[in-house]
Amino acid sequence: MSNSILTRRSVLQTGAVAGAGLALPTILTAGSHSGYTNAPTGGTVTLGFNVPQTGAYADEGADELRAYELAVEHLNGGGDGGMMNTFSSNTLEGNGILGKKIQYVTGDTQTKSDAARASAKSMIEKDGAVMITGGSSSGVAIAVQGLCQEAGIIFMAGLTHSNDTTGKDKKANGFRHFFNGYMSAAALAPVLEARYGKDRNAYHLTADYTWGWTQEESIAAATEAMGWKTVNKVRTPLKATDFSSYIAPVLNSGADVLVLNHYGGNMVNSLTNAVQFGLRDKIVNNKNFEIVVPLYSRLMAKGAGANVKGIFGSTNWHWSLQDEGSKAFVKSFGTKYGFPPSQAAHTVYCQTLLYADACNRAGTFNPCGVGEALEGFEFDGLGNGKTLYRAEDHQCFKDVLVVKGKENPTSEFDLLEIVEVTPAAQVSYAPDHPMFAGGDLGACNPGA
Amino acid sequence: MLGLEKKDFTLLLIVAAMVVFAPFILNPFPEGSSLAQMFNAGYPDLMQRFAIFGILVIGFNILFGLTGYLSFGHAAFLGAGSYAAVWMFKLVGYDIIPAILLAILVSGLFSLLVGYVSLRRSGIYFSILTLALAQMMFNMAYSVLGNPSSGYNLTNGETGLQVYNSDPQIFLSATGQNFPNLLGFSMRSETHLLIGNWDFTLNAGYYLSGLLLLISFYISIRIFRSPFGLMLRAVKSNQQRLHYTGLNTRPYTLAAFVISGMYAGLAGGLLACMDPLAGAERMHWTASGEIVIMSILGGVGTLIGPILGAGFNEYFKNILSKINDSVLHEWMAFLPDGFENVMVTLIHPFVGKGWHLTLGLLFMAVIIFLPGGLVEGGQRIGKLFRRTKADKPSDETPAGKETE
Numbered sequence: 011m012s013n014s015i016l017t018r019r020s021v022l023q024t025g026a027v028a029g030a031g032l033a034l035p036t037i038l039t040a041g042s043h044s045g046y047t048n049a050p051t052g053g054t055v056t057l058g059f060n061v062p063q064t065g066a067y068a069d070e071g072a073d074e075l076r077a078y079e080l081a082v083e084h085l086n087g088g089g090d091g092g093m094m095n096t097f098s099s100n101t102l103e104g105n106g107i108l109g110k111k112i113q114y115v116t117g118d119t120q121t122k123s124d125a126a127r128a129s130a131k132s133m134i135e136k137d138g139a140v141m142i143t144g145g146s147s148s149g150v151a152i153a154v155q156g157l158c159q160e161a162g163i164i165f166m167a168g169l170t171h172s173n174d175t176t177g178k179d180k181k182a183n184g185f186r187h188f189f190n191g192y193m194s195a196a197a198l199a200p201v202l203e204a205r206y207g208k209d210r211n212a213y214h215l216t217a218d219y220t221w222g223w224t225q226e227e228s229i230a231a232a233t234e235a236m237g238w239k240t241v242n243k244v245r246t247p248l249k250a251t252d253f254s255s256y257i258a259p260v261l262n263s264g265a266d267v268l269v270l271n272h273y274g275g276n277m278v279n280s281l282t283n284a285v286q287f288g289l290r291d292k293i294v295n296n297k298n299f300e301i302v303v304p305l306y307s308r309l310m311a312k313g314a315g316a317n318v319k320g321i322f323g324s325t326n327w328h329w330s331l332q333d334e335g336s337k338a339f340v341k342s343f344g345t346k347y348g349f350p351p352s353q354a355a356h357t358v359y360c361q362t363l364l365y366a367d368a369c370n371r372a373g374t375f376n377p378c379g380v381g382e383a384l385e386g387f388e389f390d391g392l393g394n395g396k397t398l399y400r401a402e403d404h405q406c407f408k409d410v411l412v413v414k415g416k417e418n419p420t421s422e423f424d425l426l427e428i429v430e431v432t433p434a435a436q437v438s439y440a441p442d443h444p445m446f447a448g449g450d451l452g453a454c455n456p457g458a
Numbered sequence: 070m071l072g073l074e075k076k077d078f079t080l081l082l083i084v085a086a087m088v089v090f091a092p093f094i095l096n097p098f099p100e101g102s103s104l105a106q107m108f109n110a111g112y113p114d115l116m117q118r119f120a121i122f123g124i125l126v127i128g129f130n131i132l133f134g135l136t137g138y139l140s141f142g143h144a145a146f147l148g149a150g151s152y153a154a155v156w157m158f159k160l161v162g163y164d165i166i167p168a169i170l171l172a173i174l175v176s177g178l179f180s181l182l183v184g185y186v187s188l189r190r191s192g193i194y195f196s197i198l199t200l201a202l203a204q205m206m207f208n209m210a211y212s213v214l215g216n217p218s219s220g221y222n223l224t225n226g227e228t229g230l231q232v233y234n235s236d237p238q239i240f241l242s243a244t245g246q247n248f249p250n251l252l253g254f255s256m257r258s259e260t261h262l263l264i265g266n267w268d269f270t271l272n273a274g275y276y277l278s279g280l281l282l283l284i285s286f287y288i289s290i291r292i293f294r295s296p297f298g299l300m301l302r303a304v305k306s307n308q309q310r311l312h313y314t315g316l317n318t319r320p321y322t323l324a325a326f327v328i329s330g331m332y333a334g335l336a337g338g339l340l341a342c343m344d345p346l347a348g349a350e351r352m353h354w355t356a357s358g359e360i361v362i363m364s365i366l367g368g369v370g371t372l373i374g375p376i377l378g379a380g381f382n383e384y385f386k387n388i389l390s391k392i393n394d395s396v397l398h399e400w401m402a403f404l405p406d407g408f409e410n411v412m413v414t415l416i417h418p419f420v421g422k423g424w425h426l427t428l429g430l431l432f433m434a435v436i437i438f439l440p441g442g443l444v445e446g447g448q449r450i451g452k453l454f455r456r457t458k459a460d461k462p463s464d465e466t467p468a469g470k471e472t473e
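Going down the list, the protein sequences come from chains A and B. Residue numbers for the first sequence follow the working numbering, beginning at 11 and rising by one. Residue numbers for the second sequence follow the working numbering, beginning at 70 and rising by one.
There could be a bad hint or two in this list.
[Claimed, not checked] Covered by chain A, per the in silico footprint, the following chain B stretches (three or more residues, Cβ under 8 Å):
id, stretch
1, 104 to 115
2, 221 to 229
3, 445 to 451
To be clear, the hints were calculated from the coordinates, so they are not data collected in a lab. Note that the Cβ used here is the ideal one computed from N, Cα and C, for glycine as well.
Given the sequences, and given the hints that come with them, work out the whole structure.
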């Protein structure tokens, strides 16, 4: 059976085969050079929409996809134009980007970093996408942002609220329109102080990944600064669907505020569990027990139903805003789909328009040109008032909304009421703020 | 040649030809056609996966196919290899040789540990032990060792371990590369061959993985044909009898376990070389289950089965899952409207998000009708054409039959 005698001849043969194999890549490395990765040829340009279609954030992903389709329709000249008409920059004419018609491909991130990378990689390599956008989880957004930086593709972050996305994990090819944990905390803290006083004991339940960690850090820092104590910080797995085992210990912890650093399906379940355990009816330390959900969205409010009444949180945008941009967007989204858009839909719609506009202003799809056009760009008319894309960390600075679950909703969409619009100046921070330090944008990478 | 019998050498040549010409074979449809958009698999990411998961399952087959020990935790070794490789990128630089060597070493150590504990039991108990230990490793990577604020952030949790500009990378300046490379050849570099309407991508990373696949395959053949391999088969057919003859089988099974763990480490290291991020999900028990499925689909205990199984699974995973409703509507557009919608509704559960369902059905069909996997299917087709020859007993007998 065995014939493992090593003869001089067999060693030579093996060596020759191995050598030929090793030399193969050398012969085949005369790469093509078009200046940058996936330069569009012909009359079309391909964008990649990478959103969660399964997992805890699937609802947000589905709404993002609707907004992307709407944005592509508007940019290609269909529909009523939506926010293109109210956008302060006038380069978008309904003829695609730089005269090229927009095509798109979609992928499922499964709310997992590995799967999201694979899906983005195949959109870049197989479908020739020149820009990737999406992600409803900061872990995914950071992972895909890293991939885009390596591949020489622009990444327009979707729903990602972690400080790290434009903090320690920021990348030159990545841009974020959405706000972040620090901004939520800065906007929310004064409101909480006014309602709940300075003497409170907070208990944190936190989704165990980058977004949860940084939001917990931000909220704890902001509330401790106004006199609250943090009783405990408990991490829960992102995949968890039942939180009762995490809620039970809250009852005996002496805490009188529960901060749910959860999003999407996680928040719907944890809030429901908390209400079922009767937390909201309890009196602790002679104070009413309160629940705070720092990052709120209408989709979550819908999922949690009546449980959200009176609960405070912050949001990037809400469809009941009355500026021209928001009204135009809500109208065209509502006409197409029959219900108002969520904040996730709003931010990805804006990102798509901002990318298209940046390409037009730069006159190229080259990531370095597009990046330059976006850096330090000031705009208005996209629903958040005056907004700045800061050059130092590629983060947008705009007003933040503090919202509350409505006590008497008039419709199934009218679930949140805006308590306060916190001006951008109050939520701004220095690029080297300790919560954002340690990152390095690096140089823009145009790829091949 | 190469110390192989003629038949095995032919098999090696066939695999070599498959590896070399894969970019052409997998791109049968011309660029721009709707079939190409859907079914062409000749893009670097997927081809790299074919080769890498091929290596992984070849290694798994040395354990499962030869000794019959069903490990449900092999994905953990894959993950350990990936983490080791990315740490090498972070600390040393983007050269892949140290990364792959450390990946193999680390996975080898982990498998030694896990194997030492789990191999005290056999059968279902062994499977459960490996599953439990691997799931522990997953949770450590996902949560316990992955929290930046905990002070020992080894894996970066959910986000996955990445290379940062601020990492030491002490040898980086020497090569000036910003992507994993072999002696200066970036794994990303590629050449496009434009022939007619076809666009063939020849990618350096893929050919490196392919070469390693060939080497792994060669080593696997040698193990299958060695006295060591015979001993492993003996363990599978009747371990008790071996014990009665006074043989201690533990060293053999442990060696097989470690070898297959090192194969997984090599695969994990390669995954990191093609895309320098290591996420915890690749260690999840579902990933381990997928390895078992690939192995059974291809044909347990056969030489070429693992490669077929891995390719089959990855192709369906990446292609079938991309077919969504709008694509279906495009295909069915020739049908009358009502009928079109009915057809789309009927097919919908089997594609896109529901591709697992299709894979499950195919898996069941293979188990029921072809217990020896795709290899048995190939042999049956082959027999149809060679009816005249007497049925010679073959070394390639599928696993299910050997035990009986």
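We went through each hint and held it up to the structure:
1. 104 to 115: holds (count 6)
2. 221 to 229: holds (count 4)
3. 445 to 451: violated (count 0)
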